[in-house]
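Novice: Each protein sequence line maps, in turn, to chains A, B, C and D. Residue numbers for the first sequence follow the working numbering, so the first one is 1 and each next one is one higher. Residue numbers for the second sequence follow the working numbering, so the first one is 1 and each next one is one higher. Residue numbers for the third sequence follow the working numbering, so the first one is 1 and each next one is one higher. Residue numbers for the fourth sequence follow the working numbering, so the first one is 1 and each next one is one higher.
No lab work stands behind these hints, which were simulated from the structure alone. Be careful, since some hints might not be right.
[Unchecked claim] Pairs of lysine-lysine, DSSO-like flavour, derived with a Cα cap of 27 Å:
#	chain 1	residue 1	chain 2	residue 2
1	A	300	D	281
2	A	580	A	604
3	A	587	A	567
4	D	183	A	604
5	D	164	A	567
6	A	593	D	161
7	A	122	A	492
8	D	161	D	316
9	D	178	D	161
10	C	53	A	56
11	A	581	D	151
Note that the structure is predicted; figures quoted are calculated from it, not measured.
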Amino acid sequence: MNRRHFLQGLVSTSYVVLSGASVLAPLNALAASGPKSKDGWLTTGTHFGAFKIKRKNGVIDQVKPFDLDKYPTDMINGIKGLVYNPSRVRYPMVRLDFLLNRHKSDTTQRGDFRFVRVTWDKALNLLKDSLDEVQTKYGPSGLHAGQTGWRATGQLHSSTSHMQRAIGMHGNFVKKIGDYSTGAGQTIMPYILGSTEVYAQGTSWSLILEESKTIILWSNDPYKNLQVGWNAETHESFAYLAQLKEKVKQGKIRVISIDPVVTKTQKYLGCEQLYVNPQTDVALMLGIAHEMVTQGLHDKTFIDGYSLGFDRFLPYLLGESDGVAKTPEWASQISGVTPEIIRDLAKVMTQGRTQLMMGWCIQRQQHGEQPYWMAAVLATMIGQIGLPGGGISYGHHYSGIGVPSSGAAAPGAFPRNLDEDQQPLFDSNDFKGASSTIPVARWIDAIMQPGKTIDANGSKVTFPDIKMMVFSGNNPWNHHQDRNKMKLAFHKLECVVTIDINWTATCRFSDIVLPACTTLERNDIDVYGSYANRGILAMHKMVEPLFESLSDFEIFTRFAAIMGKEKEYTRDMNELDWLKKLYNDCKKANAGKFAMPDFDTFWKDGYVHFGEGKPWTRHADFREDPEINPLGTPSGLIEIFSRKIAQFGYDDCPGHPTWMEKTERSHGGPGSNKFPVWMQSCHPDKRLHSQMCESQEYRETYTVQGREPVYLSPEDAKSRGIKDGDIVRVFNDRGQLLAGAVISDSFPKGIIRIHEGAWYGPVGKDGSKEGGAEVGALCSYGDPNTLTQDIGTSKLAQACAAYTCQVEFEKFRGKLPQVSSFDGPVETLV
Amino acid sequence: MTQQTSSESAKQVKTKELRALGFIIFLLFPIVTITGISAYGFIIWMIQAFGGVVGH
Amino acid sequence: MENSMTKPAISEEQMNNTDMNKARAMVYRLLSSLFAKEIDHQLLHELTSEPAKAFWAQLASEPSFKRDVDAMVSVLESLTSDKALMELAADYCGLFLVGTKHSASPYASLYLQDISKSAKAGDQPLLFGEQHQLMLQFLKQSQLQVQTSFPEPADHLAVILAYVEHLCLSASDEEQLSFIESYLNSWLGKFAAKVTQCDSGDFYCALARLTQSWVNSDLTGLTEER
Amino acid sequence: MKWFINIWRTLTQPAKYLTLGTVSFSAFLMGIIFWGGFNTALEMTNTEEFCISCHSMESMPYKELQETVHWSNHSGVRATCPDCHVPHNWSRKIARKIEASHDMWGWMLQTVNTPEKFEDKRLEMASREWQRFDRDNSLACKNCHNYDSMKWQDMSKLAQKQMKRAAAIDQSCIDCHKGIAHKLPDMGTARAPELIAQVGSGERSLQTEKFYFTALTKPLFYNDHTDVEAGTLNIATKVKVLEIKGNRVKVGIDGWRKKVGVGRVIYYDFGLNILSAQLSKDAALEEGVMQVFEEKEDPMTGLTWQRVEAKIWTEKDYLVSDLQPLWDYARETYSTSCSVCHTQPDEKHFDANSWPGMFQGMIAFVNMDQDTQALVQKYLQTHSSTFDKSAH
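Excised from the complex, chain A in its bound form (with noise of 0.2 Å):
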């Protein structure tokens, strides 16, 4: 039968495709979906700088940094790999599971299941009945949605905000406090300095350039995480990074980086390392203290007139109370680190201006509460708190604290809460006698214990039984710990819904996914120069929102009008006519004080900049009066003695600072027989968090056989019989992973770090099935927080203690499973 004949056979069926139109049509004149054809630079702003970028026909061509960035970060070259990568959510998903069987559905099967593309409006409309089922069986404590995260820059766009009004328009649900990166560190100091301190602005770089002797950075890596910062970041902090480095070339600043790995501040400034135990750092303080007090350098007259308790401490320093004297021979056994060098540390901090700058890490682990007291302590004796160039600061590393900020007012945000006259649909505030607030990181022992009472800062806490839980602009698949308890826990959720801008683990762990735009699909406005303030910058839409993902703001339009509510939620105004109030809002508060231009011609410019601040110097006021500057504490003086946290009468965090052993420690602490290595899961040097792990080719510059480096030492790696570039299995017994292996002499033996950040992609235990809803299943690409503990640092401040981490590693034999982390769910080929 010849092929003519055959096509005239078909042609004879009559039978014509109608549904769906061909998914072509006729070029109409303007190209409806595509964007305005002015390809010029636009301006648009991240947390990885602020950019200018250039379009070619609809597609992000080319980026470069804003022209006021000096030191931009090489992370500019993933941008367009965060838009354009091939694991973005293209459309709204629900898992096959849950669509069918809704809150009866088998969540053991979260992670590796079916999903299906559903409309906007029906995901929506799903949304809102999940919403009610929880609300009327649970009431408000059965739905936490108050996780927060970095979400991406923009004030107008806060994802978190926007999720957090609409759904506080439906009903009431549980909120947290604190949060990941600093919750020991923010709880602790209102007590002991009288402020979080933490996000506080610090004495500015120039007067610690000029005055300063000593500078030492206590677990502290400033020329890494400076690269990304809260607001559009355009990294003023690294021109005065460049000038100490020239001030230690010349020697006219000793520098010391106390840390046990060397860090990349180190290499690139230079300077000296002070190599001590991890999570040892608490003794070494108190062995500089005993001997300060025991050669007398430390500054009375500054500790009577400043502060108090310094009597109360002493007893425990010198070993009258618990018969063990914190001498630099017992710190050394603890800490590693030799009696002469303690001593010498101690004159060396008492001779001249010394700066004491602490990292974030060391306040990341079990009594993490402990080293930012003793290093408060420590700078108190040095007597030089209020100095320029001297005393003590928490956050020189961190979005640009320490430069001088213009005082220019910043321009506002979408609301998070209700208006005030408004009342949510299900106005019950009922929490069946749970609390309505709970730590940030205690939500999966929540969900574990429901009903369980923890004490917290001085209070009680009732942990909710929580059904239901909703994410936005946060990934806690990636910033939470022990991924296989996290499993466990999302067993007993009936319903995740989850809006995010790629398959991160959290959306394939979720029901309910909803795609949402990048900052580079919407118009929106932020600060440049974060703590700087140093101008406001116009946040150019580039391309059309990508597949059918929309803005948070379109996105909770529609979620509030099928509740009615659209008006409410928007008060009536659109995208841009909250960007105009937003900017003329500002321009309201700073005038007289700083020139605005009017809105449209800001838009065109791109920016207004508001110029330089004045040095100054961190509680000068309260050196120079105590009683009319008193600090925030109970007494308005330092407490190193606290008499309200010794009233709390928690056993891991008495009145005075103290050395603690921890539940893990490596170099001779417990559990270090079986797993003697310490993992550091510090934040990563090419990502913001798990930001930009999606951004393909610019991944491809770190990995090691497509998988997160795992560093270790020469001596580990030839113990193990592991070369550079192999793929190791590190584990401990609450998880396993594969990592490539680099070996750097930059990590002592016994120590190795993967960065945060890294994307969970679990491959079953012996990592021959796809999918990852097994409990102990193989992360095939290195996420850490596989194998760290899910405890609090301690009854006060019950936050993240990811550094109390002990692992054993080796050389990965057997099949190498695909990587699959970045692609979406992942079906169980079963």
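Position chains B, C and D relative to chain A; hints supplied.
Specialist: Just chains B, C and D, lined up with the frame of chain A:
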């Protein structure tokens, strides 16, 4: 001014009267009323300027 | 693909070329719509209607298509419940709507990038790349654009198939031949293999194989015509 | 001169030839024509075209008006220059017309013909208009806007509260709605404008032996006339008026202080770091200013506190009888300003002495002037878990 000089003729007197009427109608009275109103306005203005707040 | 057809007797001359091209366009349009979105009730009803059954039967009369067409028809007939429809939609979503390594994303750029770049393990180029730009040029030349309701890159398989359907009715055989060869057949093989490897159901791997064999037979048909 | 006498003579004699009819009729006729002409001329100067015939008026105030709600709104009612700037009442209108001679003078001398000159004079010109609005209680606004015909429920809750309070005393609109038609002149460092707008600038008449609350941080003085400052009185502090002289009042502040240094900071209550007043060093030591009573040791810090009463002078303004509007303003500001990055903690989450530490740590992120900052911190402390024991 008791009596009119007889020498003027009736017509002269008439034109004089007409001219006077024209003068008062087109010139005198308008100016008088305008200045009157302006003065009245000026007084009100002064009262308000110094008289302080009305009805507060 | 060995072709069993032999030269016909003279009687078929009257059937002019338009009928043949119409038929070819029909097939391309059907394939494009099956790749464009999941099968919903309306499409299912259409695919199982009487004219459609005849169409499938006629298609199956070609031996090289028979196995796949029968497989597809049997799946279509088994879609009696909502759950079955959704299971098939889940297959479609797992294959075409999510990431690329463990699924068979239907974008030419993923299969066509030059060999050197793809040497690195697991490398996937970005979406909306050059293939997308290329297809935009082609569409522009023919006064066409992608539907706004189909927000996919222009190098999506459904768009390419729809464009070939357009060419069947408007372009010369040579043009069709060169386009199909360089922009469809060049990656269809790799795509079909990936679908077969990743699809947990049967419908879409049958569809992929059918598309591959149809395009091959169409190419041979076109070369013979010249 | 002769001509004048001639006219005068004619006028003062009864007409010889002109009949009473022609004289009265022509007078009557001319009266009508004159009055018609006079008023049309007058009205011609009451039109927008006339006002904006001056370039300085057309290029700035007129353009600014076009941006405002008075120019275009959903009901399509437009207000032009005369509607607000020319009183409708006849006698006031004439007075305004004469006053306009000052404007003509300015036009001739070109005092505001360039934008720069206009900007320099803007505050002065605006103040003159505000004074005129004050004088006649914003009569110009009330020609169209009327308190009785306002639909309260259409307004936001905040607006309802303020507007009802204004309606009660038929308040002059311009008190709050300055800058509604033209660009608000830069009024220099006006302190906490929104706070004052909502809370008001204090009672008109104070009575002795009555309690009031400060609506702003206010300077303290030794007596009723000197300008030498003796410290500051914190916002939202309860004081008792003892004596009134000129625009100063002697107030009694009672509270507690820590026996630390000179002890010149007065706190709200024993053991609570809620600021009431801060005296200068020598004021605290001055005879008769500070009276000290019993002492107590605070178990939380080991410091001894003393109960004190201070008697000192301050200005009459910014003393209000009701504290609640201050707390309402503070709560509203706290809810909007402190929820930009994360959900703001509940007031009851911390106790009175923990709030200062938490609040100071966050100040870098919010735009609050000094007074608002002090008010919000005091609001949080007085609504903290120390005072509100209900579980949260």
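Novice: Now tell me if each hint is right for this structure.
Specialist: We went through each hint and held it up to the structure:
1. 300(A) - 281(D): holds (25 Å)
2. 580(A) - 604(A): With a Cα-Cα distance of about 13 Å, the restraint between residue 580(A) and residue 604(A) holds, given a limit of 27 Å.
3. 587(A) - 567(A): holds (26 Å)
4. 183(D) - 604(A): holds (23 Å)
5. 164(D) - 567(A): holds (25 Å)
6. 593(A) - 161(D): violated (31 Å)
7. 122(A) - 492(A): holds (25 Å)
8. 161(D) - 316(D): Within the cut-off at roughly 25 Å; holds.
9. 178(D) - 161(D): Cα-Cα ~19 Å, so holds.
10. 53(C) - 56(A): With a Cα-Cα distance of about 47 Å, the restraint between residue 53(C) and residue 56(A) is violated, given a limit of 27 Å.
11. 581(A) - 151(D): It holds: about 25 Å lies between the C-alpha atoms, which stays within 27 Å.
The structure fails hints 6 and 10 (numbered hints given earlier, in ascending order).
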